[in-house]
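Just so you know, the sequences run in chain order A and B.
Going by my numbering, the first sequence runs without a break in its numbering and finishes at 333.
Going by my numbering, the second sequence runs without a break in its numbering and finishes at 235.
Hints are computed from structural coordinates only; laboratory data are not their basis.
Bear in mind that the values here come from a model prediction, so they are computed numbers and not experimental data.
The C-beta atom is built at its ideal place from N, Cα and C for all residues, glycine as well.
Accuracy of the hints is not assured; some may be wrong.
Said to hold, decoys possible - Under the rule of at most 27 Å between Cα atoms (straight-line distance), these lysine-lysine pairs were calculated in the DSS-like manner:
hint : chain 1 : residue 1 : chain 2 : residue 2
1    : A       : LYS308    : A       : LYS228
2    : B       : LYS94     : A       : LYS88
3    : A       : LYS86     : A       : LYS26
4    : A       : LYS26     : B       : LYS94
5    : A       : LYS161    : A       : LYS308
6    : A       : LYS161    : A       : LYS228
7    : B       : LYS230    : B       : LYS165
8    : A       : LYS87     : B       : LYS94
9    : A       : LYS87     : A       : LYS26
10   : B       : LYS94     : A       : LYS86
11   : A       : LYS26     : A       : LYS88
Stated by the list, open to error - One-sided excerpt, in silico: chain A residues whose CB lies under 7 Å from chain B:
hint : residue
12   : SER4
13   : PHE189
14   : ILE196
15   : VAL267
16   : ALA274
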Amino acid sequence: MNQSQFEQAYRPEWQRFGQLLAILEKKSGAARKDPPRDNTVAAAEFPARYRRICNHYGLARTRHYSPALVDQLHALVLRGHRQLYKKKSNGLWTLINFVARIFPRTLRQNSRMFWLALALFCGPAVAVGIATYHDPLLIYSLMGEGQVLAMESMYSPENPKTGRTRERDAESDFTMFGFYILNNISIGFRSFAGGIIFGIGTVFLLVFNGLMIGGVAGHLSHAPYMVKFWPFVCGHGAFELTALVICGAAGLILGQSLIRPGRYRRVAVLRRRAPTALVLVMGAALMLVAAAFVEAFWSSSAFPPQVKFAVAAGNWLLVILYLLLAGRNTGES
Amino acid sequence: MQSPPVTSPPLDTIAHYETPEGVELSFAVAGPVVRAAAWGIDLAVRLVGYFLLALLTALLGGVGTSLMLIGIFLLEWFYPVFFEVHNGMTPGKKALGLQVVHDDGTPLAWSSALLRNLLRSVDFLPFLNMAGLVTMLLNPQFKRLGDLAAGTLVVYVNDEVKEFKIPDHPPLPPPEPIRISEQRIILNFCERADRLSRERCHELAALLASLTGTDVPVRRLMAFGNWFLKGKGGS
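Here chain B stands alone, though its shape is the one from the complex (with noise of 0.2 Å):
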């Protein structure tokens, strides 16, 4: 998840929402493609579990036949439910790192997974979604007909903690005094720069010639870096 503004707030799909307790989370909300390849995952296990439940059901005579009606019901309207309300990922979000919550980021409710899902068979109108997709480009979350009912999300989860370091490198102050925005973006530079090809960094760091001089462009940032993390003293 990228970090959030520092001023105006930026054209892209992060929604935010304040906690009570007065800091801002932001979720990455998950457009119209991503959702649609869940769909179909979620579609091609549904079809997998009535052919199951035919199979099974086909010994048992009439009362499997029964079972098979029933299961069928449940499969039809329930399966997505049971799901998120388990853990906000039905099997195709969770191949996909998507989750269902509620607008302020809690985890789903009995009442929002069922709303949102009974609202399917509208969203579903008048073929393969269009209702829906329809609905999901209207408004700037990404939201169909059921999340505007029940006040869901779907969105990106992001476990991974991210422990970058910043290599450890004798402090240097920088010859010019630099806005606290862009100290930020030496600092971003910094944490990922053992990701990139010593090339891409060289690349990078050699735009700020002014600042970094041009013969070791990625260590003089590395040594700005330090001294915003940790001052003169370097401890």
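This is chain A alone, in the form it adopts within the complex (with noise of 0.2 Å):
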């Protein structure tokens, strides 16, 4: 068969392929005003018609038809290609999906990453929370002089909000909100990425994060300050904490599929890795705004130590119980 024979048998069908392609490329908005039976007929008749293109593709390749038309053909090919297996999501219910059971359930599924994270983090709060509880004047070999006096303030007992410094005094708690979440979420995210560097981000980030929060608490820990801080920060850490530790386990995932790809290429471990590492950070960045929430309303409000205490303990049972249990069922994943 010549190529003009070709063209003319074949023609009206990749005529009506373009057609059906027409239709279905069509965005949701668009396609309303088309009858609805008008996309289900073309969906119906889609996939056979794009196994014969591409039959026609591969035909007009290996005969060596002019580059126009293969050019074309693969022009079909591809549109086809996208429409068949692109990938489709159901928004509401992924996410509340998502939240019910696939993230804490892949939390569970990397809980040594967890764990090592949580140790990076934990290990260098500790000792230095111990250190500057002992010594105060070891702050200042963390931070400048100036970060010091800008956190006492924050939890002196004379400044009426507690947790932000003088020059935010007047500020609303909703600026509060807004400043914590592009603060901490990015922190999070930044934890994460910094695991491409073969993890050499992520640790450094939890490390530095363990450090000066482990060394403020530690220096805080005294009075005037203790009053005012532990009942500020005892609420929303359960999320805040939590959730950065978790951004730090998905950073050293990418870290460990780099440092340890096993039998496969580096990129190929890293590839099938990261979306279990995607999972964890957008979680964790739930959390966090989660974490914003309570911290810019509850964690600045009026209430008695005492009853900011038993929130915070039921903060922290919260989360542990929804990573321990949510999602353990075998039902839809």
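With the hints in hand, could you dock these two chains into one complex?
What follows is the structure, encoded as structure tokens:
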């Protein structure tokens, strides 16, 4: 069969396939104007026709038909391929399923990385915390004088709005909510992304944050700050610290896949493990949104410390039970 | 997009993917320069976004500041994610005819878009996307770290369907047997002839003097092209 006979025989099929593609490629908004029947018919007819076009494209190439014809068929195959193999998601249900099952389940499946991240964070935090508790001056080897002063004034009993520097005094809880979102989730994302430098970035940020948080906690565990500091931080700590460690665990997964790829290529292992790590980061980001909410609207409120501690205990219990138990049933994943 | 190679893989920036149906798709991968330009455009768009955000939220007091901070967060991390999930093109990429796709050519899913853009923060290190640039130059498909982890490619979009018509001409068999790959070159010439100037056509056709003679080389090639296309009958 020569090229012109080939074209004559099959051009109607190509045109029909082009029409089907045009129907299927319309975004859902525009598609509503068409009768819905059109779309279903197109979807039913599509796969068989797509296979025919693939066949024609293969023939045109092996028979060395003219480049323009081959290109034209290639374009049709590419568009068809994109339609047939595109990944679909149905927004809200995916999100609910993610929070209720996938995130906690994925975390439990990668618990070794979680414990490692926790150790990298808590080890320095506890060590420096104890050290600065016994020698409050040690804080000055971690941060500058200005930072220490700002920290002290935030948790000073004279500060009417605990947890905020004097310049931020007048700002409302809402503003702080936005600030915590921007600041904390960015830190979480960076801890994760740093994992792709063979884990170095993640380890650095986990240890660094551990040192800072431990140092501040140890330093502020003395009068007069103590009465303000712990009631303020305990409420959101459950979400915030856990989420930061989970972001670290996600980064360590990236690092591990590059450091110990086993018998595969590093890039292949990275690609296979990265979606798992992403699940952890996204879950942690949602936890950080919760943390920001609690920190902005609850931690800064004027309830007595007993109430604050009780709620904090509830928060910790909630987080631990959620991460341990949610999604344990073997239902739909 | 150039047609795929006939024999050995050429030294170029075409990425290939074999579909489950057993045919090969090819993508023209975008290089660092055009991608840097797209990034620059996106940066400008984002700066305008920050500016408008600041302007709008300044009217709202404390809640406004909060919205501004959240807006900065979203623009910084999710601006490319939003566009790339929508159609694979941020405004910068769209302006330059680029598109992000999976390695197999399918449209980007949420997870891939999120991965490649969260890792952007490392690609940016230590300044101005240096890590990303070095990674791109170290692999044949110009992938930065985010692309490697997410399994994505940045390719040129090729929407226009070229409708080349080979001019009708009484077919004529070539004086000597011509290999099928060479026939293809002659067909390609015939298809592109009306885009070239007459002088250039003549110049190109005259290169094959042994085949076409020197008096009317272009018409001879057209005749051969029609012969390959339609055979003796000219139907």
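Against the structure, the hints:
no.: 1; hint: LYS308/A to LYS228/A; result: holds (11 Å)
no.: 2; hint: LYS94/B to LYS88/A; result: holds (23 Å)
no.: 3; hint: LYS86/A to LYS26/A; result: holds (14 Å)
no.: 4; hint: LYS26/A to LYS94/B; result: holds (18 Å)
no.: 5; hint: LYS161/A to LYS308/A; result: holds (16 Å)
no.: 6; hint: LYS161/A to LYS228/A; result: holds (10 Å)
no.: 7; hint: LYS230/B to LYS165/B; result: holds (13 Å)
no.: 8; hint: LYS87/A to LYS94/B; result: holds (22 Å)
no.: 9; hint: LYS87/A to LYS26/A; result: holds (16 Å)
no.: 10; hint: LYS94/B to LYS86/A; result: holds (20 Å)
no.: 11; hint: LYS26/A to LYS88/A; result: holds (15 Å)
no.: 12; hint: SER4; result: holds (5 Å)
no.: 13; hint: PHE189; result: holds (5 Å)
no.: 14; hint: ILE196; result: holds (5 Å)
no.: 15; hint: VAL267; result: holds (6 Å)
no.: 16; hint: ALA274; result: holds (4 Å)
Checked against the numbered hints listed earlier, the structure breaks none of them; every hint is satisfied.
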